[in-house]
Amino acid sequence: MNAKVKALINDQINKELYSAYLYLDFANYYETAGLDGFANWYQIQAQEERDHALLFYQYLQNNGETVTLEAVGKPEWERGDNMTPLKKALEHERYVTSLINGIYAAAYEIHDFRTMQLLDWFVKEQGEEEKNASDMITKMELFGGDSKGLYMLNNELKARVYSAPSLTL
Numbered sequence: 000m001n002a003k004v005k006a007l008i009n010d011q012i013n014k015e016l017y018s019a020y021l022y023l024d025f026a027n028y029y030e031t032a033g034l035d036g037f038a039n040w041y042q043i044q045a046q047e048e049r050d051h052a053l054l055f056y057q058y059l060q061n062n063g064e065t066v067t068l069e070a071v072g073k074p075e076w077e078r079g080d081n082m083t084p085l086k087k088a089l090e091h092e093r094y095v096t097s098l099i100n101g102i103y104a105a106a107y108e109i110h111d112f113r114t115m116q117l118l119d120w121f122v123k124e125q126g127e128e129e130k131n132a133s134d135m136i137t138k139m140e141l142f143g144g145d146s147k148g149l150y151m152l153n154n155e156l157k158a159r160v161y162s163a164p165s166l167t168l
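Read in order, the letters of the sequence shown correspond to residues 0 to 168 in numbering that gives the first Met the number 0.
Honestly, the hints are just simulated from the structure, not real lab data.
Among the hints, erroneous ones may be present.
As the list claims (entries may be wrong) - List time: in silico DSS-like cross-link candidates among lysine-lysine, alpha-carbon distance up to 27 Å:
1) 86 to 123
2) 138 to 86
3) 138 to 123
4) 130 to 147
5) 157 to 5
6) 130 to 86
7) 147 to 123
8) 130 to 157
9) 157 to 123
10) 73 to 130
11) 147 to 73
12) 123 to 87
13) 138 to 87
14) 157 to 86
15) 86 to 5
16) 86 to 3
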């Protein structure tokens, strides 16, 4: 495997684990605020990010590469109102998309079609992640200012269940 692509994928493992930490911190924020549905949504989001890290981890191992785990940084974000984590999540998902695109570009440059095939799934996934984050903001703008609307939105988010990624390596 190309050293640059390997390094980018290895770094992405750490970035995905950071994403899981960040979303657990959002879940903690919402749990403290009494919004257990929002907390549930972000706990599941954290599970997804952990699984993304494990997919990259397994990909490197399947290709005979050693994974180097780094320290996962403490989530840094300014607490605000109930909209703050939602906006931060969209910003973060856009950042992750840029990272995936960077790995894809490096793989494309050297004609690493196997890695590009793996990344095709992540490109699609990031489109879904950005849409979900954007939709959450829209729903909060529409319904979050009204206590009954916020209650109903919280209940909707409480119903989310975890579904493991269906990517075969």
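Here is how each hint holds up against the structure:
At roughly 21 Å between alpha-carbon atoms, residue 86 and residue 123 fall within 27 Å of each other, so this suggested pair holds. Restraint check for residue 138 and residue 86: satisfied, since their Cα atoms lie roughly 12 Å apart, inside the 27 Å limit. Simply put, residue 138 and residue 123 have alpha-carbon atoms about 23 Å apart, close enough for the 27 Å limit, and the pair holds. Annotation: proposed proximity of residue 130 to residue 147 holds, straight-line Cα distance about 25 Å (limit 27 Å).
At most 27 Å may separate the alpha-carbon atoms for a hinted pair to count; residue 157 and residue 5 exceed this at roughly 38 Å. Of the pairs offered as hints, the one joining residue 130 and residue 86 holds, with about 12 Å between alpha carbons and a cut-off of 27 Å not exceeded. The hinted pair formed by residue 147 and residue 123 fails the criterion: a straight-line CA distance of about 34 Å is larger than 27 Å. A hinted pair counts as satisfied when its Cα atoms are at most 27 Å apart, and residue 130 with residue 157 qualifies at roughly 19 Å.
Between residue 157 and residue 123 the alpha-carbon distance is near 25 Å, which keeps this suggested pair within the 27 Å criterion. Between residue 73 and residue 130 the CA atoms are separated by roughly 26 Å; this keeps the pair inside 27 Å, and the hint holds. Taking the CA atoms of residue 147 and residue 73, the gap is near 34 Å; set against the 27 Å cutoff, the hint is violated. With a CA separation close to 21 Å, the supplied pair residue 123 and residue 87 stays within the 27 Å bound.
Between residue 138 and residue 87 the CA atoms are separated by roughly 15 Å; this keeps the pair inside 27 Å, and the hint holds. A threshold of 27 Å between alpha carbons decides the hint, and for residue 157 with residue 86 the separation of about 20 Å falls inside it, so the pair holds. For the given pair, residue 86 sits about 31 Å from residue 5 by alpha-carbon distance, which is inconsistent with the 27 Å threshold. A hinted pair counts as satisfied when its Cα atoms are at most 27 Å apart, and residue 86 with residue 3 does not qualify at roughly 32 Å.
Consistency with the previously given hints fails for numbers 5, 7, 11, 15, 16, ordered from lowest to highest.
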